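2 protein chains.
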Amino acid sequence: MFLNDPDTVPEADRLLEAQHFAKVIEAFNHYRLHSLSRNAKRRRDLASIPKAHQQLVGSFMEKKINSVEERILKNAAFIASIVAGHQNEETNGGTKSQVSEGDMDKVRSTLRQFVRDWSEEGREERARTYDPILDELQTRFKGVSMEDKGKIKVLVPGAGLGRLAYDIVKQGYSCQGNEFSFYMLLASHFVLNQTQQLHQYEIFPWIHSFSNSTSTDVLLSSVRIPDVLPGDVPRTADFSMVAGDFCEVYGEEEHIESWDVVVTCFFMDTAKNIVEYIDIIKRILKPNGLWINLGPLLYHWEGMQNELSIELSLDEFKQVIRTKGFKIENERTIETTYASNTRGMLKYVYECAYFVGVKH
Amino acid sequence: MFLNDPDTVPEADRLLEAQHFAKVIEAFNHYRLHSLSRNAKRRRDLASIPKAHQQLVGSFMEKKINSVEERILKNAAFIASIVAGHQNEETNGGTKSQVSEGDMDKVRSTLRQFVRDWSEEGREERARTYDPILDELQTRFKGVSMEDKGKIKVLVPGAGLGRLAYDIVKQGYSCQGNEFSFYMLLASHFVLNQTQQLHQYEIFPWIHSFSNSTSTDVLLSSVRIPDVLPGDVPRTADFSMVAGDFCEVYGEEEHIESWDVVVTCFFMDTAKNIVEYIDIIKRILKPNGLWINLGPLLYHWEGMQNELSIELSLDEFKQVIRTKGFKIENERTIETTYASNTRGMLKYVYECAYFVGVKH
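Read top to bottom, the protein sequences are chains A and B. Here the first sequence is numbered in my numbering, starting from 475 and rising by one per residue. Here the second sequence is numbered in my numbering, starting from 475 and rising by one per residue.
Misleading hints may appear alongside valid ones.
Same chains, same label: a pair holds when it works inside one copy or across any pair of copies.
[What the hints assert, rightly or not] In silico DSS-like pairs for lysine-lysine, Cα to Cα no more than 27 Å straight-line:
(1) Lys798 x Lys537
(2) Lys801 x Lys525
(3) Lys792 x Lys525
(4) Lys833 x Lys821
For the record, the hints were derived by calculation from the structure and aren't laboratory data. Just so it is clear, the structure is predicted and the values come from calculations on it, not from any experiment.
Excised from the complex, chain A in its bound form (with noise of 0.2 Å):
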């Protein structure tokens, strides 16, 4: 399920692109030893307090670190699952180590994704953020016959860990998810095509943070996935997943007006400059094409000294929408978590813009 042409990628970009997935890989392979390490922390800190503490805490704490330890174990063991495959694509791995606390913090967050996209515990978010979406196809397209759904091509930027494409596709329609990450890119890849049944691996998402935990419990739970089995998809329907920068896929000739519906979820934020992907958005639509958005507007670049960032606010990325020849329908906000603990005593929770943009 993955397209990759090898002849329309530039040498250079392919030495770079090779590089940082070395990177990844590394960064995967790291996550054992980082967070054995860590965890070891703690076990020096316990034995740091005064003896009256330790009496206390240390029975505890003690256990609560030990099963820590043997998670973390199971997950790096999930985790070479993931890479396994992809070693010889590493290129310094006699170097040292230049994994940072920030690519540590994509390992982890990668397992928090498959709790969103692949769990029964993430049914929740999906349902709040992908039913919406999947509703509205079914509105827009209703009565169209499974065989001519396939002939409807939805397209699916920042599609993660790839169940909302996955989602679509079971409905019948056709769809590509593009991902410029290669953490999320190597963790789709594996929950599509590589696992065989339902619930077949056990991950510990919680273990990496101590902080607002309610119980030692949750903090130690387990998730399975995934809740289903990826591959039964309809016969008349074209599923894939493409690789790389959106504007850079996407800005290619070939795609103008080749599609029917662009799907943002958690997306326009990701941009550099948010009035590029307008802009290519309503070029590759076909004329009357949907561009359905729900997301809010974290700005991944605001802030960063040497990267371009513009910040639209949500009542200018409308204006801009509305000028550059959509019309905006069924707005509305829709309130949800974003790869959350359910459990924990701490949530981020967006108020995501909602709206179908008609191309006219």
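Could you slot chain B onto chain A? The hints should help.
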């Protein structure tokens, strides 16, 4: 309203303190330049996007960037009044600025803290977090005369900008706020002692990030402080604010069994060793004294490589409290934001633990 006894502070500590104080003053002074520079980058970014995109967003983005510039200058004038009179305590006026992005973050969050503690806009958050505490005191000390309430000594560690301590004094209790951060201490000193009229100052707390803004009007909107005029407290009650580290100040012998009530509101998770906090609270309370707690467990030192951090889950936290000899009463969960822009598209929602610990 500030207590400072120079005789009890060792010379070395006083020097460290003076240096830290100077650094905070420097950060406040640096706000104007830093914020203008970040805003100027937006202007450069705007100039660097394609002309067609500039035509779409240029006019309103330039206007917004200019409006933010004006407001930065107004915030800077407000900040100048906070540090006015403390300037001579600065030690390294001539040297190169040592102000980090983290320091600037603290200056910006001090502005948001004013919203939480001293504005009409903060009323909802205060109702959710301070009212349960004030109600608890009212229930526990029902029927006590105003005169006698002044003899009840309440301690509020992590007092921030002092509103909770002030509200407690307004009810007739004597209250001491304790605060470690000089950002908070300078700002609370200012609002408590140097405001002469309601809504005297206009600040613009939401201009520093363009992300997750529903509208430019919200981004540019002002907040007026204070919503009440501090000063008019019952003559039978004592009100003081004490600077310093909670463990250092209240670990002293003089505090043993000297407090009727300790109120910890968003405070316990500032501990490096939370067991030490519990220890001290137990020790400084009179027999049958009350500990009222409200807050999450977002351990401030978790994950910092060279800092001790002991992180209990909520169930473990309560277990320790019981073992230490507290009876836990009125347990519940209170959902609230913290210094949040109610009209933004992202909210951090805390599921706070609330309970009363009765020392026995």
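Hints versus structure:
| no. | hint | result |
| --- | --- | --- |
| 1 | Lys798 x Lys537 | between (59 Å within a copy, 21 Å between copies) |
| 2 | Lys801 x Lys525 | between (68 Å within a copy, 24 Å between copies) |
| 3 | Lys792 x Lys525 | between (61 Å within a copy, 20 Å between copies) |
| 4 | Lys833 x Lys821 | neither (36 Å within a copy, 32 Å between copies) |
Violation of the numbered hints given earlier is confined to hint 4; every other hint is satisfied by the structure.
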